[in-house]
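Visitor: Below, each chain spelled out in residue letters.
Number of protein chains: 2
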Amino acid sequence: MLDVCLMGCGGSMPKPDRWLSSAIMRLEGKSVVIDCGEGTQLAMKEAGFAFKSVGVILITHFHADHVSGLPGFLLSMGNEGRTDPVLIAGPRGISRVVRSLCVVAPDLPFEVEILEIPREGGSFSRDGFDVETVEASHTCPCFGYRIRINRAGKFDPEKAESNGVPLKYWNRLQHGETVTDGDLVFTPDLVLGPPRRGITVSYVVDTRPLPGMAKAVEGSDLLIIEGMFGEEKRERAEKSMHMTMAEAARIARDAGAEKVWLTHFSPSVPDPGEFIGEARAIFPAAEPGEDGMKTTLFFREDGESDE
Amino acid sequence: MLDVCLMGCGGSMPKPDRWLSSAIMRLEGKSVVIDCGEGTQLAMKEAGFAFKSVGVILITHFHADHVSGLPGFLLSMGNEGRTDPVLIAGPRGISRVVRSLCVVAPDLPFEVEILEIPREGGSFSRDGFDVETVEASHTCPCFGYRIRINRAGKFDPEKAESNGVPLKYWNRLQHGETVTDGDLVFTPDLVLGPPRRGITVSYVVDTRPLPGMAKAVEGSDLLIIEGMFGEEKRERAEKSMHMTMAEAARIARDAGAEKVWLTHFSPSVPDPGEFIGEARAIFPAAEPGEDGMKTTLFFREDGESDE
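Taken in sequence, the protein lines are chains A and B.
Under the working numbering, think of the first position of the first sequence as 1, with each following residue one higher.
Under the working numbering, think of the first position of the second sequence as 1, with each following residue one higher.
I should point out that these hints are in silico values taken from the structure, not numbers from a laboratory.
Remember, it's a predicted structure, so these values are computed and weren't measured experimentally.
Treat the hints with care, as some may be off.
Repeated chains share a single entry, so a pair holds when one copy, or any two copies, can fit it.
List of simulated lysine-lysine pairs, DSS-like, C-alpha gap at most 25 Å [to be verified]:
#	residue 1	residue 2
1	LYS45	LYS15
2	LYS294	LYS15
3	LYS15	LYS30
4	LYS294	LYS45
5	LYS15	LYS239
6	LYS154	LYS30
7	LYS45	LYS215
8	LYS154	LYS294
9	LYS15	LYS233
10	LYS215	LYS52
Construct all of the structure, not just a fragment, from the sequences and the given hints.
Guide: As C-alpha cells, then:
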C-alpha cells in the first residue's frame, strides 16, 4: 500500500494559512517528495511524515515556490539522522540550483545525488518507485511526474514445476530473488504469473494543458493536478502558463484518473471550493486540495493471498 | 517613534508553532529587517508589516535559519511593488550567499545592493537608521547589530541669532537642511542645541557572551538577545556557541538596557517561560520573546514641541 499526502496546495507565494504545493508518497517506509518550496519542511512536520524516510526529491521546475525550501528540508533530514544518499531529480540545471541553494547547508551528513533530466524527459527507479516525467509547458523548463509502484505477478506453482525449478528455490524466487545453482540461473519470472496492476500517482503543476498530457498520466489511481484559478481567470492562467480547474478536470477525465486532487491554488483564490463546480461538471470526483490531505492506495487485489 | 516587532523567536529550525528569529524596525514608513530564515516572509505577513517598506536587510550570519528565507522574501517585496534599491548587509561572504540563494529569484524589480562588513565590524547609515555591528562569537563569522535613530538638538533661536543666521533660513536649518547664500554656508548646528537622546535597539543572537558585548549594546531602549536554553543546558550552549537566558540577562544588566526580549529559543525548549525566572533573577524586566511581539519606542521628550 502507498500513503500519499498533499502537504501543501498553494501556488506562487506561501500564505500564513496555506503551504506551497508539494506531495509525499511513502511505500514500505521509503518516501518520495515532489517539490519543496519555502515552508515544505513545516508542512511535512504538520503532516507527520519522517524526514529520514525521504530517498528521492523530485523538483518540477526552478521557481522559488517549488524549490527554495530545499536547504532547510535537507538540514532537517540530517537532523533526523538520515545518512543514506538522497537523490534530487529535476530539469536540466537542477545541479546548479541545488548547489547554489545549499550554500547555507554545506555539511549534510548524507550524500546528495543529483539527476539532471534531459529536455525530452526520462525515467528512473529508486526505492521501489518507478518515476517517469510528464511533459509540461510553463515559463521555464518544467516536468510533471508519474510515479508507479509495480507489482510482480502471482506465484504460480504449476509454472514453477513445468519450468523445472527445484522446490527448494520456490520461496526465494517468489520473493523476487534470482538464484544461482552451479551453472544454472533461476529468475523470478520462472515461478510468477504476468505482472499485476500496480499503483500510479501523477503530479502535474505549473503548465498549460498539452495534447499528450492525458495519455502521459493515463490510469492514475490518484492525479494531483494544478487548478490554479477558476474560469473567471482563464486569461490570466493562459498568460502565466498555468491551468484552471476546468482545464485540469478535462485532463483527468481523458486520462481516466480514479481520484483527482486539485492543487497549486493562486493566492488570489482564498477558497478553491468556490470554483470546484466548474471542475466537477467535467470530472465529478474532482476534489479541491487541502494542506495535509491524505489517502492510502492499495493494490487492487489486496486481501488475496500471494502465496 | 519607532515600531519594533520580533517576527519570530525560534532558533535552529522553524517549527509549525514558532517562526525563526527575526525582527523588523519601522521608522516613518521605512523598515529594517534583521535576519531572514525560512518562513520570515510568512511571519512578516502575520505581523502585518509592508514588504515594500523594507530598505535594509541585516543578516547576522549564514546559517540557514537566519538567511534561507531571503529569496522568497525578496520576491514578496517585488510582488508588493518595491522598486527602490534594497541594501543587504552581513559578514564577509554575504555577496556569495545572496547571489547563490537568489538563483531562484533572478528577476527582481529592484536593485539589490550588498554590503560586506569586514571582520572587524563597521557601521553605516540608511533611511534614518544608524547601524553598527556588535562583535559576536559563533561557529562562523557573525555580527549582532545596534541600530540607532539619532535625534537632532532642539531649535535654539538665541543661538541662531548669536550665530548671525538670517531669520529667513531658520526654518529650513531647523529641519536639517544646509543653506547656501552666495559665499555663505549655513548648517543646522548653527540653530540647534546639542543632539538629544535618540532611540537604540540592539539585536544579538548566535553568540557566546563576550567581555565587550554589554558595552557594545549600552543604553539600548530595547535589547533583543538570544536566550536559547535554560541553565540546565548551559554546557550545550557553550558547545554550540549559543547563550542561555541567564547569560543574556547578565549582558542586559551590564548594558543598562531598558527593555529586554529573549529570542532564538531552541526547538528543545517548547516553553521559554519555564526558564524566564533564571533571567529575571539577574534582570527583572527580561521578557521571553513571542512571535509577533511588538512595541513602539518614543523619543524621550516626545510631547514637547520641537519648534
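Visitor: All hints, please: hold or fail.
Guide: Right, here's what the structure says about each hint:
no.: 1; hint: LYS45 x LYS15; verdict: both (17 Å within a copy, 8 Å between copies)
no.: 2; hint: LYS294 x LYS15; verdict: both (21 Å within a copy, 21 Å between copies)
no.: 3; hint: LYS15 x LYS30; verdict: between (29 Å within a copy, 23 Å between copies)
no.: 4; hint: LYS294 x LYS45; verdict: within (14 Å within a copy, 28 Å between copies)
no.: 5; hint: LYS15 x LYS239; verdict: within (23 Å within a copy, 36 Å between copies)
no.: 6; hint: LYS154 x LYS30; verdict: within (24 Å within a copy, 69 Å between copies)
no.: 7; hint: LYS45 x LYS215; verdict: neither (34 Å within a copy, 41 Å between copies)
no.: 8; hint: LYS154 x LYS294; verdict: neither (29 Å within a copy, 65 Å between copies)
no.: 9; hint: LYS15 x LYS233; verdict: within (20 Å within a copy, 35 Å between copies)
no.: 10; hint: LYS215 x LYS52; verdict: neither (34 Å within a copy, 45 Å between copies)
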